[in-house]
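Take any residue in the sequence shown, count from 1 to its spot, add 93: that is its number in this note's numbering.
Some clues are possibly wrong.
Stated by the list, open to error - Here are the in silico distance ranges between beta carbons for each label pair:
1) T144 / Y370: 28 to 36 Å
2) Y135 / H418: 30 to 38 Å
3) G327 / S408: 27 to 35 Å
4) S439 / T279: 45 to 53 Å
5) M429 / G319: 27 to 35 Å
6) E456 / T504: 30 to 38 Å
7) T344 / S408: 16 to 24 Å
8) S439 / K460: 24 to 32 Å
9) T144 / R436: 33 to 41 Å
Calculated from the structure, these hints are not laboratory results.
Positions of the beta carbon are idealized from the N, C-alpha and C atoms, including for glycine.
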Amino acid sequence: MVTDDAEARAEDHSWVSEVRSTIQSYKNGAASEVLIRKVPNYLRVPPEQFTPKEWRFGLHNREVHTSGTEGLKIAVAGYYFAHKESDAWDKFCNFVVDDPGRFVRLYGLQDGFTEFSEMQVRYLLALDALFLVVKHLRFGGRLDLDLRWCTPYLSTDMAMSENQVPMELLRKVVQRRQPKNLKLDTILAVDTKWICPIKLYTSQIPDGDLVNCSHLLDCVYKMTCGRDPPKAEGFYVSVESAVNLTLAGITIKGVPGTLNMVSFQGGCLSLPIIHIYDRFETVFRNLSIYEHFSLQPEFCALSGYRLLMENLIGSLDDVKLLIKHGVFINKVGPEMVVLDIWRRLSQGLCHGKVSASIIEVGEKLNKHCKSRKNVIITEFSQLFCSRPWYVVSAIAVTLVTLATLIQTYTTVIGSNKMRPHFPPG
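Make a model of the complete structure from these sequences and hints.
Here you go:
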């Protein structure tokens with residue numbers, strides 16, 4: 094009984110100390126340092142889209158062990174440091190992770206209340222940073238494998254919002270020239286192109302842009318939504334589905350570019366080309382969470398695009414139309430799979446304000462659809478073009494009517510009674 098009371102008091106003291114430390118961190122401005130947040134439980138829908146499957150980076154979802162993928166990271170470190178002086182690895186860790194407490198706070202955790210010791214934090218983050226820098230290389234000797242393809246889940250796990258590593262750690266690895274002659278720009282360009290859902294070419298990424306991002310997912314966000322994403326201005330304006338827009342005379346086409354390049358001009362709705370691939374839903378959900386928690390309410394490119402696509406995609410016919418016009422590049426098989434992905438993306442994600450450009454596109458589309466001329470075209474198209482038997486019936490009725498009129502005319506005109514009679518002269 095005494096033991097239970099002592100444990101309860103110790104637990105209570107620990108909780109009080111943690112609350113006191115957290116409050117003090119707000120006073121010191123540490124709370125604003127949070128860079129890589131844990132996704133709240135109410136937004137982990139479905140949970141597997143936010144939980145790493147094999148590869149764990151950073152301080153969330155992490156355990157200290159030397160097997161599996163952690164063993165591969167340790168093997169990479171051994172490849173570079175086994176033949177150096179005995180303290181070379183410790184010196185490297187101290188250089189890369191110079192202030193463990195600050196990096197703990199970057200993950201939204203509190204100094205002294207994590208399950209990791211200071212040295213464990215150094216080791217974990219240094220192993221992650223080194224691995225992320227050299228994973229695309231081919232190793233010789235004892236580590237003869239291409240780490241990029243050593244697991245099918247690497248690219249998916251690298252896209253998790255709570256599975257990120259601060260970019261400054263990667264910069265320090267390259268600064269230490271371990272290994273030599275590596276350019277971080279090139280590494281990040283390959284990773285970004287590998288994960289990015291839009292049609293992106295490495296040549297589209299200017300030198301120096303990516304190394305200044307917060308982490309890899311921030312690189313993917315900048316390349317997906319634009320280096321200068323639009324800011325939130327107002328609330329979204331609903332529009333018709335893709336099929337209904339085309340029936341109103343609107344042309345839809347896919348164009349290379351970022352999500353902030355959605356436009357409507359001259360009766361043509363231009364949408365960025367999107368690759369629908371096996372990890373698309375995971376990447377899109379984690380980008381949305383990152384935008385909402387780390388960039389909102391300032392930025393909203395992804396949120397506005399998602400709301401627009403929810404309106405455009407109402408049925409399987411809409412998906413087929415978008416694939417036909419080059420908006421979607423389907424890499425997942427049947428069109429129904431694409432429809433299911435977008436239906437799931439409409440659930441569990443936050444809705445906020447959207448950019449002025451998305452609002453303007455919505456208003457222009459609605460104005461076009463409501464104009465009298467386009468309304469008549471739409472009604473005619475929906476009545477006849479979508480129901481071909483109506484057209485056949487109308488043509489048949491018209492032909493029968495014309496034939497009847499012709500027959501009546503010839504019968505009446507051809508009779509003797511209708512011929513003019515003149516008196517004998």
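Okay, the hints, checked on the actual structure:
1. The beta-carbon spacing between T144 and Y370, approximately 20 Å, falls outside the hinted interval of 28 to 36 Å.
2. Between Y135 and H418 the Cβ separation comes to about 37 Å, which falls inside the hinted range of 30 to 38 Å.
3. A hinted range of 27 to 35 Å for the beta carbons of G327 and S408 is consistent with their spacing of about 28 Å.
4. For S439 and T279, the Cβ-Cβ distance of about 37 Å falls outside the hinted range of 45 to 53 Å, so the restraint is violated.
5. Separated by about 31 Å at the C-beta atoms, M429 and G319 satisfy the suggested range of 27 to 35 Å.
6. At about 60 Å, the beta-carbon gap between E456 and T504 misses the expected band of 30 to 38 Å.
7. In this structure, T344 and S408 meet the distance hint of 16 to 24 Å, their C-beta atoms being roughly 19 Å apart.
8. For the pair S439 and K460, the beta carbons lie near 25 Å from each other, so the given range of 24 to 32 Å is met.
9. Remark: the range hint 33 to 41 Å for T144 to R436 is contradicted by a beta-carbon distance near 22 Å.
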